[in-house]
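Those sequence lines, one after another, are chains A and B. Residue numbering for the first sequence follows the UniProt record's numbering, beginning at 1 and increasing consecutively. Residue numbering for the second sequence follows the UniProt record's numbering, beginning at 1 and increasing consecutively.
The reader is advised that the hints may include incorrect statements.
No farther apart than 16 Å at their CA atoms in a straight line, the calculated lysine to aspartate or glutamate pairs in the EDC-like style are these [said to hold, decoys possible]:
id, chain 1, residue 1, chain 2, residue 2
1, B, Lys111, B, Asp197
2, B, Lys479, B, Asp510
3, B, Lys348, A, Glu85
4, A, Lys24, A, Glu123
5, A, Lys24, B, Asp197
6, A, Lys56, A, Asp99
7, A, Lys19, A, Glu85
8, B, Lys444, B, Asp405
9, B, Lys376, A, Asp99
10, A, Lys122, B, Asp197
Derived from the structure by calculation, the hints contain no laboratory data. Keep in mind that this is a model prediction, so the values were computed, not measured.
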Amino acid sequence: MLNKILCIDDDQITLMLCKMVIAKATFSNEIATAKNGEDALNFFDTLKTSDKTITKPELIFLDLNMPIMNGWEFLEAFNTEKYAEFHNTKIIILSSTIDPGDLEKSKKYPLVIDFLPKPISKEMLEYLKDKIQF
Amino acid sequence: MKNNTNKITILYIIVSIILAILYREFFKIIIPSNPLAFSFINDLLFIVVSGILLRFVLHKNNIKNSEIYRKLKNTNNEIKESNERYDIVSKATSDIIWDWKILEDTMTWNKGIEAVFGYKQEEVGKSSKWWFDNIHPEDTIKMSIKLYSFIEQKTEKWQDQYRFKCADGTYKYVLDRGFILKDETGKSVRMIGAIQDITKQKEEEQRLKLLETVITHTKDSIIITEANLNEGKIPDIVYINPAFSVISGYTSDEIIGKSPEIFIGPNSNPEDHNTLIKAIKNKQECHIETLSYKKNNEPYWVNFNMLPVYNSDGELSHWVSIQRDVTEEKKQEVEKEQLIKELTQNNKDLQQFSYITSHNLRAPLSNLTGLLNLIKDIPIENQELKEIIDGFNKSTHLLNETINDLVRVIIIKDNPSIEKQSLLLKDIFEDVFSQLDFLIGLHKPIIKFNFEEVTFLNTNKSYLESILLNLLTNSIKYKSETRKLKINISAHQIENSVILIFKDNGIGIDLERNKDKIFGLYQRFHDYPDSKGLGLYLVKSQVETMGGTISIESKVDIGTTFTLTFKNK
Chain A
1 MLNKILCIDD
11 DQITLMLCKM
21 VIAKATFSNE
31 IATAKNGEDA
41 LNFFDTLKTS
51 DKTITKPELI
61 FLDLNMPIMN
71 GWEFLEAFNT
81 EKYAEFHNTK
91 IIILSSTIDP
101 GDLEKSKKYP
111 LVIDFLPKPI
121 SKEMLEYLKD
131 KIQF
Chain B
1 MKNNTNKITI
11 LYIIVSIILA
21 ILYREFFKII
31 IPSNPLAFSF
41 INDLLFIVVS
51 GILLRFVLHK
61 NNIKNSEIYR
71 KLKNTNNEIK
81 ESNERYDIVS
91 KATSDIIWDW
101 KILEDTMTWN
111 KGIEAVFGYK
121 QEEVGKSSKW
131 WFDNIHPEDT
141 IKMSIKLYSF
151 IEQKTEKWQD
161 QYRFKCADGT
171 YKYVLDRGFI
181 LKDETGKSVR
191 MIGAIQDITK
201 QKEEEQRLKL
211 LETVITHTKD
221 SIIITEANLN
231 EGKIPDIVYI
241 NPAFSVISGY
251 TSDEIIGKSP
261 EIFIGPNSNP
271 EDHNTLIKAI
281 KNKQECHIET
291 LSYKKNNEPY
301 WVNFNMLPVY
311 NSDGELSHWV
321 SIQRDVTEEK
331 KQEVEKEQLI
341 KELTQNNKDL
351 QQFSYITSHN
361 LRAPLSNLTG
371 LLNLIKDIPI
381 ENQELKEIID
391 GFNKSTHLLN
401 ETINDLVRVI
411 IIKDNPSIEK
421 QSLLLKDIFE
431 DVFSQLDFLI
441 GLHKPIIKFN
451 FEEVTFLNTN
461 KSYLESILLN
471 LLTNSIKYKS
481 ETRKLKINIS
491 AHQIENSVIL
501 IFKDNGIGID
511 LERNKDKIFG
521 LYQRFHDYPD
531 SKGLGLYLVK
541 SQVETMGGTI
551 SIESKVDIGT
561 TFTLTFKNK
């Protein structure tokens, strides 16, 4: 089981669903949420300045289509030196997109380890458990 | 001759002497005295002197006679030689020689009349009438006027061109030349002529005239220039056709002798000039599209083709350039490009719109699905609630399916380049059948395969599977209620193409009514509850995305055959 994951999505119901499924599948101890890319960056900024004992998220579920700062913009910002200390955190894109270009684009970011369609499900988490092996 | 003269002289002397002796003897008898003894010596003297005189006269005469004889002989020889020469010439020449005695109106022809016109000697008429009768009706009046005014001495030389009828009824163009012989009074008595067959020259002339009309009447501009560069400039113009004058505004007089470089203007591409110079130096054909300038400095686009022309010695003699005004086409091309650009942009916008729309539809739908999945694990006591949630579940599922179908359509339309791999046909079908296990088990169709000709197919796996799934489920869905379902699937190789034939004996489709709609979006041909009108549309899209074609043959209540053709490269 993971210690902490971060779900980034502007849709409250999606976030709720994530929390419920993750809890049911005993996938992670702690679930943090952010409502867009900017919110997520703020989350990491706070982590930087705060007590080192606070756990960093080991995995991010990232939506693409969000207001203020979308998933791609978040990836661009997160992929910089500024957030280098968090680059052990793996990212999984979780999206309803059908644009084949999105999958291609995601391959440019080594931090992104998978690209999965919504909705999140217990089966999906089982598959991820095998893939990440924890 | 000299001997003869001597003989006559001696004979004369002997006879005279004998007569003189006889005369003296006679007088001896009559007059016994010899008063005339002295006169005999006189006689003898006279005889000898007259004999010498006679010989002289005879000799002179002889000389004169032999002179005349010699002359006569020479003349004879000359005539003979001349006749022989005439015979030789008239035999050797390809011309037809005719000889017309005007007063008697008799006409003779040499053998050329047979060789050139095909008339046997017995077919040739003996008078001038035959000659005139065989001249082409359109030429005969003009020809006879010229001929008679010549005979009447109004002209000095006679030659004429006309058409002469051959034995087979066709006409040949001839050049006829003649001269006249007159008697002592200056009257024309005889005419001799030579006819030359000029059909080939005439035909060539007419052919050239015809070719010339092409140059003078064509709408394309034609410019002919000299062969070599003139001080590094494009060679000087020697000819322009009327079309060029019309297009450029320059007349022949203004332009001949000048280099075509005057057509270059401020917006002409200097590269085009270099290309031309290079082609002229290398004696190579050149094809460019360039901006040229008219006399009034108005620019226009020309499609320009320049060809080297060689003379009979194989030396470059001229350049011929053919030009076409393509300004309008250029303009249309630019407009077309603009239109394509706009359409491409519109298409991209629409595509983006469809992506966003489907994303926005799918996002809440995926929440619904996710939430319903969670409900599955929660036991529900209330029967009514259970039914409601059941309905919820089914509707969500159907909505999900529909949206997924639509998304598939959007993605196929947007993804023209797809990855292909070489796959065993047998494996693909096994895969498809395993996916349809349930349906096949339920309906138990008789399925026959024939993949002997083709084992591998270079294709996109998921597309081909989707195509075959759609066709197979259609066959099962629309099977006849009265016949056992039979499906025949075969593959054939024709040149570089693989042809897949998919044939069933189902209820068929009325193609008369539905031919145009058969592969259309949301076209349904049977009122079945689960038909969405998407299958064949998807099939066609997928076939075409892989560069293939699909066609259908169908008869109501007999069956349907689909023929799919793929390039197997």
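Outcome of the hint check:
For the hint linking Lys111 (chain B) to Asp197 (chain B), the alpha-carbon distance of about 14 Å falls within 16 Å, and the restraint holds. Straight-line distance between C-alpha atoms of Lys479 (chain B) and Asp510 (chain B) comes to about 15 Å, which keeps the hinted pair within the 16 Å bound. At roughly 39 Å between alpha-carbon atoms, Lys348 (chain B) and Glu85 (chain A) are farther apart than 16 Å, so this suggested pair is violated. This hinted pair checks out: Lys24 (chain A) and Glu123 (chain A) have alpha carbons roughly 11 Å apart, not beyond 16 Å.
About 112 Å separates the Cα atoms of Lys24 (chain A) and Asp197 (chain B), which puts this hinted pair outside 16 Å; it is violated. Using a Cα cut-off of 16 Å, the hinted pair Lys56 (chain A) and Asp99 (chain A) is violated, with the two alpha carbons roughly 32 Å apart. At roughly 26 Å between alpha-carbon atoms, Lys19 (chain A) and Glu85 (chain A) are farther apart than 16 Å, so this suggested pair is violated. Using a Cα cut-off of 16 Å, the hinted pair Lys444 (chain B) and Asp405 (chain B) is violated, with the two alpha carbons roughly 27 Å apart.
Distance hint between Lys376 (chain B) and Asp99 (chain A) is unfulfilled; the C-alpha atoms sit about 31 Å from each other, more than 16 Å. Only pairs whose Cα atoms come within 16 Å are accepted, and Lys122 (chain A) paired with Asp197 (chain B) is rejected, the gap being roughly 105 Å.
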